[in-house]
Amino acid sequence: MPNWTTHLAGQHVDVRLTSEDGYQAQRSYSIGSPPEDTYLMLTVERLEDGEVSPYLVDELRAGDQIELRGPIGGYFVWDARDGKNDGSPLFLVAAGSGIVPLMAMIRHRANWENRVPAKLLYSSRSYEDVIYREELHQMSANDSSLRVIHTLTRQQPPNWIGYRRRIDRAMLVDTAWRQAEKPLAFTCGPTAVVEKVATELLELGYEPQRIKTERFGPTGG
Amino acid sequence: MAENFISRGFKGRARETDRAIKKRIPPGQYETKDFPVLSAGPTPRTSLERWDSSVYGEIAEDLKWTWDEFRKLPRETVTVDIHCVTKWSKLGTVWAGVSVDTLLESVNLEKQSAIGTLIAFSDGGYTTNLPLADVRGGKAWVVDEYDGSPLAPEHGGPVRLLVPHLYFWKSAKWVRGFKLVREDRAGFWESVGYHNYGDPWKEQRYAGD
Amino acid sequence: MDNNLRLDGNAAGGLLNEVFPFEMTTAEATCGGCGNMRLIGELMLYQHGMGAVLRCVDCDTALIRITQIRGCYRLDLSGMSCLLIAADIH
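Protein chains in written order, with my numbering: chain Y, 1 to 221; chain W, 1001 to 1209; chain G, 2001 to 2090.
The set of hints was computed from the structure by calculation and includes no laboratory data.
Quantities reported herein were computed from a predicted structural model and do not represent experimental measurements.
Among the clues, some could well be false.
Stated by the list, open to error - Derived Cβ-Cβ restraints for the label pairs, each shown as a range: (1) Y:203 / G:2036: 18 to 28 Å; (2) Y:111 / W:1165: 55 to 65 Å; (3) Y:135 / G:2068: 31 to 41 Å; (4) W:1050 / Y:88: 40 to 50 Å; (5) W:1024 / Y:88: 57 to 67 Å; (6) Y:203 / G:2034: 15 to 25 Å; (7) W:1184 / Y:203: 43 to 53 Å; (8) G:2058 / W:1047: 16 to 26 Å; (9) Y:4 / W:1064: 51 to 61 Å; (10) Y:195 / W:1149: 24 to 34 Å; (11) W:1066 / G:2081: 32 to 42 Å.
Backbone N, C-alpha and C fix where the C-beta goes; we use that ideal spot for every residue, glycine too.
Could you build all of it, start to finish, from the sequences and the hints given here?
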């Protein structure tokens, strides 16, 4: 990529596709790779009646080129480097593919061996749908300051003892850092979930400017 | 980004249409069976108790209807094709409501012939401008039902304007009334580059078309 | 439910970068309707094929309306009474 320098964890790119007859479609995708990686990684969820995601997931082949611009966004970012964050505990709440920008942050935090306390509350439809599942398991096993809490909303494996419902107030009360610890929250996923989480965190006393949201629209991006 | 870049194998959604209905589809449009929702703002939630509709402006007397009064007006059911400037057309949509002619009946327009423009205004601040002639003579309705059911909020309920012979941005959602004026004034989209009139058959999408 | 279509102003970062040579998602906009000041990234973005509208979180006033038609950008900024942009160029 000719003009790419680096990005901040949480940023996204805009991807533009052009068909032979000139028709264009554009979508935003969060960058899942941390700034330290050599290659840019986007994780795309295939939507059944999507216009762009089926092309990216089914059709795109190694060696194909795509047009993208970025990185974009200075608002939904977290920087693990010294002096670039205020050391406050992180509360990351993801639903579905909303995990992507938060995974960039988690990987970036690990690369810098930053031990700021971090909790990830991650909602997925089923165990099989959990993106980055093994990697998250490994990372939290190796880092006691990182805690990953899953909730599986539609289907759970037989021995599942975790949450088995959509994110709600009670779950946030149980999992979120208390507001006295001055936490910084990032939440990403379908707009409806993000708005619910943001509203609940406000009620739990989180400061509005310390709740950062990234809405993915109706279907989760 | 590069000017002539083509993404190998990307086709977009199916945009081919059956020859038989092609005549009903204006140039540059494709038929959809969906009903896309395009909103420029949050969905208003005006309760029916508080809802009213008014006609005012450079006319002798303002008119106003409460929801109950509106529901008692003579009603029609119409089946029309609608065309969105973003290129989708939906054929055979069924709506029920009140003809704009009915609402304008008690405004003595013959006596106030200088009035040429109707500005529709909606909850949430949306406006659109139309020549008065384009909403009279059975060309426009104020509708509260779509496909046999009460109009859903995301599609403009409780009441929206329906002017099917023009691009669908002119069919203002959440309409709360009309201002009748002599001087034309560009509405929400017209003031940022969309065509002032918007005839889909002449592909009048943008200012200058 | 169609408010589910809305996004954060952050998602308009790319579009704003086409017009302004600055990182705009962290620019501060003062709402002409209620006077509250927010980062552009925090505003409510309603975007579809006709254009993009960035609205105040508190009072829904349209602060920025953008269309891109045949290579021309039109911006209506009349809903915003002030815009504060950091001078770093990205």
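Here's how the hints hold up against the structure:
| no. | hint | in the structure |
| --- | --- | --- |
| 1 | Y:203 / G:2036: 18 to 28 Å | holds (20 Å) |
| 2 | Y:111 / W:1165: 55 to 65 Å | holds (60 Å) |
| 3 | Y:135 / G:2068: 31 to 41 Å | holds (39 Å) |
| 4 | W:1050 / Y:88: 40 to 50 Å | holds (44 Å) |
| 5 | W:1024 / Y:88: 57 to 67 Å | holds (60 Å) |
| 6 | Y:203 / G:2034: 15 to 25 Å | holds (22 Å) |
| 7 | W:1184 / Y:203: 43 to 53 Å | holds (48 Å) |
| 8 | G:2058 / W:1047: 16 to 26 Å | holds (22 Å) |
| 9 | Y:4 / W:1064: 51 to 61 Å | holds (59 Å) |
| 10 | Y:195 / W:1149: 24 to 34 Å | holds (26 Å) |
| 11 | W:1066 / G:2081: 32 to 42 Å | holds (36 Å) |
Hint violations for this structure: none, all hints satisfied.
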